[in-house]
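Input sequences plus hints: build the corresponding full structure.
Number of protein chains: 2
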Amino acid sequence: MIFLKIVKKGHSKHIYQQIYEELKKSILERKITVNEKLPSKRNLAEQLNVSVNSVSNAYEQLLAEGYIYTIERKGYFVENITQYIDQHEARAVNFPIDLKEQHHDKGGWLSLSHMTSDISMFPFKKWLKCQNEAIKNHRQELSEITSPQGPYIVRKTISRMIALTRGVKCEPEQIIIGGGTQPLVRQFMTLLKGNTKVAIENPGYSRIHALLKSMKFDVAPINLDKKGIDMKEIESINPKILFITPSHQFPTGIIMPISRRIELLNWAAHSNDRYIVEDDYDSEFKYGTDNIPSLQSLDRHHRVIYTGTFSKTLLPSFRISYIVLPPKLLREYRNFYSNWIQGSNSFSLFTLHYFIESGEYERHIKRMNHHYEMKRKLLIKQLQATFKDDIEIKNVPAGLHFLAHFKKNKRYEDINEKAKQEKLEIYSIERFNLDSKYKKDETSISLVMGFATIKTEEIPEAVNRLYRIIN
Amino acid sequence: MIFLKIVKKGHSKHIYQQIYEELKKSILERKITVNEKLPSKRNLAEQLNVSVNSVSNAYEQLLAEGYIYTIERKGYFVENITQYIDQHEARAVNFPIDLKEQHHDKGGWLSLSHMTSDISMFPFKKWLKCQNEAIKNHRQELSEITSPQGPYIVRKTISRMIALTRGVKCEPEQIIIGGGTQPLVRQFMTLLKGNTKVAIENPGYSRIHALLKSMKFDVAPINLDKKGIDMKEIESINPKILFITPSHQFPTGIIMPISRRIELLNWAAHSNDRYIVEDDYDSEFKYGTDNIPSLQSLDRHHRVIYTGTFSKTLLPSFRISYIVLPPKLLREYRNFYSNWIQGSNSFSLFTLHYFIESGEYERHIKRMNHHYEMKRKLLIKQLQATFKDDIEIKNVPAGLHFLAHFKKNKRYEDINEKAKQEKLEIYSIERFNLDSKYKKDETSISLVMGFATIKTEEIPEAVNRLYRIIN
Chain A
120 MIFLKIVKKG HSKHIYQQIY EELKKSILER KITVNEKLPS KRNLAEQLNV
170 SVNSVSNAYE QLLAEGYIYT IERKGYFVEN ITQYIDQHEA RAVNFPIDLK
220 EQHHDKGGWL SLSHMTSDIS MFPFKKWLKC QNEAIKNHRQ ELSEITSPQG
270 PYIVRKTISR MIALTRGVKC EPEQIIIGGG TQPLVRQFMT LLKGNTKVAI
320 ENPGYSRIHA LLKSMKFDVA PINLDKKGID MKEIESINPK ILFITPSHQF
370 PTGIIMPISR RIELLNWAAH SNDRYIVEDD YDSEFKYGTD NIPSLQSLDR
420 HHRVIYTGTF SKTLLPSFRI SYIVLPPKLL REYRNFYSNW IQGSNSFSLF
470 TLHYFIESGE YERHIKRMNH HYEMKRKLLI KQLQATFKDD IEIKNVPAGL
520 HFLAHFKKNK RYEDINEKAK QEKLEIYSIE RFNLDSKYKK DETSISLVMG
570 FATIKTEEIP EAVNRLYRII N
Chain B
120 MIFLKIVKKG HSKHIYQQIY EELKKSILER KITVNEKLPS KRNLAEQLNV
170 SVNSVSNAYE QLLAEGYIYT IERKGYFVEN ITQYIDQHEA RAVNFPIDLK
220 EQHHDKGGWL SLSHMTSDIS MFPFKKWLKC QNEAIKNHRQ ELSEITSPQG
270 PYIVRKTISR MIALTRGVKC EPEQIIIGGG TQPLVRQFMT LLKGNTKVAI
320 ENPGYSRIHA LLKSMKFDVA PINLDKKGID MKEIESINPK ILFITPSHQF
370 PTGIIMPISR RIELLNWAAH SNDRYIVEDD YDSEFKYGTD NIPSLQSLDR
420 HHRVIYTGTF SKTLLPSFRI SYIVLPPKLL REYRNFYSNW IQGSNSFSLF
470 TLHYFIESGE YERHIKRMNH HYEMKRKLLI KQLQATFKDD IEIKNVPAGL
520 HFLAHFKKNK RYEDINEKAK QEKLEIYSIE RFNLDSKYKK DETSISLVMG
570 FATIKTEEIP EAVNRLYRII N
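Which chain is which? The protein sequence lines are A and B, in order.
Per my numbering, the first sequence starts with residue 120, numbered consecutively.
Per my numbering, the second sequence starts with residue 120, numbered consecutively.
Which copy is meant is left open, so a pair is good if it fits within one copy or across any two.
Listed next, the in silico DSSO-like pairs over lysine-lysine satisfying Cα-Cα at most 30 Å (straight line):
#  : residue 1 : residue 2
1  : K316      : K345
2  : K558      : K507
3  : K245      : K132
4  : K574      : K255
5  : K529      : K539
6  : K500      : K346
7  : K248      : K574
8  : K345      : K143
9  : K359      : K332
10 : K335      : K359
11 : K219      : K255
12 : K447      : K332
13 : K144      : K288
14 : K127      : K288
15 : K316      : K288
16 : K485      : K255
17 : K245      : K255
18 : K160      : K345
19 : K275      : K144
No wet-lab data here; the hints were simulated from the structure.
The structure is reproduced here in structure tokens:
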């Protein structure tokens, strides 16, 4: 005789679920012995005063999960289940407290972060319209996984666009779309063997530096002179791969002149296994001059790997970036990643395709260029009015941030602490210093001033906070 | 004297752009010597009969790009530019023909692929409604990059949902969202040291097999018995990590009974560095019984890494998957990936949050479960009517595919060739055989029959084509 507690009315679970759970519990707690015959469906139904159907459903579920087995014309029997040790220990309680995430209230904060973009003017309506085009025209493709490099039609649109705006010359075949520069860099860097020496600008993009180090590359940070990455250091260190941001050096803002570009391309052309990775992260924004053609546009030896992103021009949360691989690397890529599934949402990618094709993308960039130029001017004006002779601004009219030096001796830890009190998000140059031996200049403080997120009307207050932080 | 060709009317480019380009060309082709002084803006303007402004803009652009330099009160001079070798070689022409992508017309094709989902009933309207909620409530977050593991609120919703539907017990902290199972597996497997031995079901998911091999793991395919992965082989091979699909073995369909589950968990609990990766790729679909709780739900020793996906329940093109890491691995993950940016589109993720919260997700699954059950029944019926005694169907009422054996000796190459002629997308078991020494059984053909994409009314025609392919 089996005793089961079944509640017939007002219970949140169906009767068959209750029978199933009670029986499962009895089996796991060994209240019913291994190989014991269960009552027939009819008998149990009578005993519990429930329908045979309910018992039948419960038995089917136990059978599917392997708690019981059946012998034809004989009935249902309990499986031999090795009792799992300390079955009843609750785990949730055990979750280590140090792994709990802290969620800070961002209310009242202002941001001079360089990592954001201005969402206030994002044309969501037009984006949604392009989504409808995507649904209408790509229904079939949305039910499938796409090409490993991303939908061809989207790559074709990107290749046309960057030919026009950045002078990049490539076939759609050479483009690989991905959810950010990091995963794309990881993908192609995986193709390169073990102890490869890699050089990166210093100060530079610390996330890429961290990624390359985590991949066990021999990474050398290389200092900058006024034209950008130092040519002599490159020649003495002799890396295979060079990571640079020629259009607008991150974070110093240097625009690499044509002479240094040509020196670099000549350096790369010297050997078949040298590559320059050109990270063109925010080249769409220029104030006063036209865009400067990419380094890739000058490369005649397939030595440049170009990386671009929609994080600055659209939204960073969209995570749409791409790389352009030279043919030799592309061939290696295809061989290595033949089983790889494209990780970006095709729905967003097709939407992007229509957004570009319809001209909305270009219009949006123009609008934003104007808007950012205005905010940038205002921020610089306010900084100069407030800090007077104590500030030196690296006034390169490009991108979504600039570097500012403040004549003040203060530790960055103190700046960060004070910024927290003042509720101002601001990043110092320290974050981008990739050389472990680096010593802070004792006469000044350098901050990366991002102006993408801050609202025009918030600029005076942000600069006031900054003044209190620094003084 | 400098000669420039300027077209004043009807040219697609502004006059300043033409001056800029002509001057740049002259400098690159050394028609103007290094350090030569350029005419003053006024002089050149007069010579070309254009406005001073046009010349000024052209000079500014050349200055920004570093083609010329300026000495105060003296004027503009040509920079010393090392001429780049074979400047004029066109590259596009050189793009290797073997890297060109082939685009096949899919018109007239029918598909029994296991990789798709049915888009015909996807509630786009409701999805778009949830998007609007995302825009309304997460504007600020959409202008930023999110937490490396994905937005907390989305992870919280997923953790609640899988607790309910899969018995998975975890904190939102343990969830990592990513653009597919592949990149997520690569992420946590990167945490494991060099020569780790890894075991995987055979036949099994070949993409994961390929990924693990490309990561240089020592991968052992392990055969299946009727309960799933073979326990004895595991004990003799002694891997550290085990990749399994207990809810619905891919591709054979075996539902792992509780006894084997407990054996596996006991095996894993024996050592602190053993892990079981439970790939729960299509457990949402069950016909006739309820869902079977996940292996993770039975694990009391934090030995199971759970991986789930929305590729089957929503659309594979959305690329939304997640893993649940045990605390020890989570700590290592956080240390290693502290600089990592979440690669999924937050806009889709917040949308998913509202889609689940509003109950739409559950309703959609219910609808699809019913729809798939019907298509599945019809396909089986049609197959049995057509192939009669020559077919044996592994009738496991779960998932979006089943395995079928055909009593026929034919090479898979011939099947594939014939399928192309008949315009039927179909995959044989060969694709999932991970053992290089594997020899095809000469008495039968095994095919993976996916029924997600095929329309009800297309089923008879698809089975007819299949009949012609096999006979």
